[in-house]
Amino acid sequence: KWHRPNHFHYVNLLLSTLIWGGLGFFFFRFALADGFLDVLEFVVLGIAVVLYILYLVEAFAYSRVGEALKNLSPAKEMARRLNNIRLTSPSIENHVECWHWETYTWTETETDSRGNTRTVTRSRTERVVTHRETRAVPFASWYDESDSFTHLSAQQIAHVKLQKTWQCMDAETEAHVRDCEASIRNDNRWRDIYLDFSQTFKINHFFGHGTCYTTRTPPWWLSWLLYFMLTILLLGWVLRVVYESRSRELHFQIRKYVSIHPEKRGPQGNVGHARV
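Counting with our numbering, you get residues 16 to 291 for the letters of the sequence shown.
To be clear, the hints were calculated from the coordinates, so they are not data collected in a lab. Each residue gets a CB set at the ideal place from its N, CA and C atoms; glycine is no exception. It is possible that some hints are incorrect.
Unchecked claim - Heads up, simulated DSS-like pairs for lysine-lysine below, C-alpha to C-alpha not over 30 angstroms straight-line:
1. Lys85 / Lys217
2. Lys176 / Lys91
3. Lys179 / Lys91
4. Lys176 / Lys217
5. Lys217 / Lys91
6. Lys217 / Lys179
7. Lys85 / Lys176
8. Lys179 / Lys85
Unchecked claim - Simulated DEER-style distance windows between Cβ atoms:
9. Glu148 / Asp185: 26 to 34 angstroms
10. Thr126 / Ser198: 57 to 65 angstroms
11. His115 / Gln214: 21 to 29 angstroms
12. Ala190 / Arg147: 25 to 33 angstroms
13. Gly223 / Glu160: 16 to 24 angstroms
14. Ala169 / Ser104: 27 to 35 angstroms
Hey, can you work out the whole structure from these sequences and the hints?
What follows is the structure, given as structure tokens:
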């Protein structure tokens with residue numbers, strides 16, 4: 016189903032505005048002070064630097080448009096990549112992390128403006144990890160029932176959004192998955208005071224967001240390099256808005272079914288793939 020994107024990227028816009036405002040204030044005060052700065056200017060400049068770092072993290076690590084432009088390809092190539100994901104065997108892993116709290120205490124000597132000294136005791140509590148372990152959940156066969164990718168060429172510019180899910184084909188596999196979790200928990204439960212458990216589902220070549228186009232060459236503004244340059248210059252929000260207004264969003268579900276039985280038939284009766 017096609018969706019009209021309605022993301023306005025408020026966080027990026029807010030950070031950009033605050034940074035521009037901080038830099039404007041700094042240079043305005045710098046010009047009035049004839050090159051001499053006081054504490055206020057340095058505080059404002061420091062805040063602007065911190066906000067700029069947060070801005071870059073948001074733009075390059077969490078932006079849906081940034082990730083989509085990284086995965087830019089023609090519609091036929093995008094269909095091939097999506098089909099490769101369908102044909103790729105999934106993997107399931109269980110993770111445990113054993114840890115405890117430790118409190119560190121130390122003393123410091125402070126001197127006031129009059130030369131008087133005093134000893135202050137300080138403490139800090141930290142989370143200390145003592146053991147990590149990862150185990151794969153074994154299974155014998157798997158089956159893919161992902162959405163069809165035949166209508167990628169319906170729009171000139173498509174923002175492809177992928178989501179992945181997995182499910183057991185039968186009750187025996189569900190019991191096997193629970194046993195794998197119980198096993199890694201029981202083997203590590205006495206290693207430390209606390210134990211955190213998590214499970215990951217991986218598919219090689221999977222990506223969350225991508226962009227495809229049906230024209231012979233992509234529009235000049237549809238470029239990761241341009242996104243990178245505008246982001247560095249605090250103008251990335253402009254390209255994001257243009258991207259959202261010119262593209263249409265298409266959601267795909269990548270569904271994988273797993274079983275401990277070899278050549279298990281999938282939900283639609285199709286024979287699954289053997290795990291190698």
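Against the structure, the hints come out as follows:
no.: 1; hint: Lys85 / Lys217; verdict: 20 angstroms, holds
no.: 2; hint: Lys176 / Lys91; verdict: 16 angstroms, holds
no.: 3; hint: Lys179 / Lys91; verdict: 21 angstroms, holds
no.: 4; hint: Lys176 / Lys217; verdict: 17 angstroms, holds
no.: 5; hint: Lys217 / Lys91; verdict: 24 angstroms, holds
no.: 6; hint: Lys217 / Lys179; verdict: 9 angstroms, holds
no.: 7; hint: Lys85 / Lys176; verdict: 13 angstroms, holds
no.: 8; hint: Lys179 / Lys85; verdict: 19 angstroms, holds
no.: 9; hint: Glu148 / Asp185: 26 to 34 angstroms; verdict: 28 angstroms, holds
no.: 10; hint: Thr126 / Ser198: 57 to 65 angstroms; verdict: 58 angstroms, holds
no.: 11; hint: His115 / Gln214: 21 to 29 angstroms; verdict: 23 angstroms, holds
no.: 12; hint: Ala190 / Arg147: 25 to 33 angstroms; verdict: 26 angstroms, holds
no.: 13; hint: Gly223 / Glu160: 16 to 24 angstroms; verdict: 20 angstroms, holds
no.: 14; hint: Ala169 / Ser104: 27 to 35 angstroms; verdict: 30 angstroms, holds
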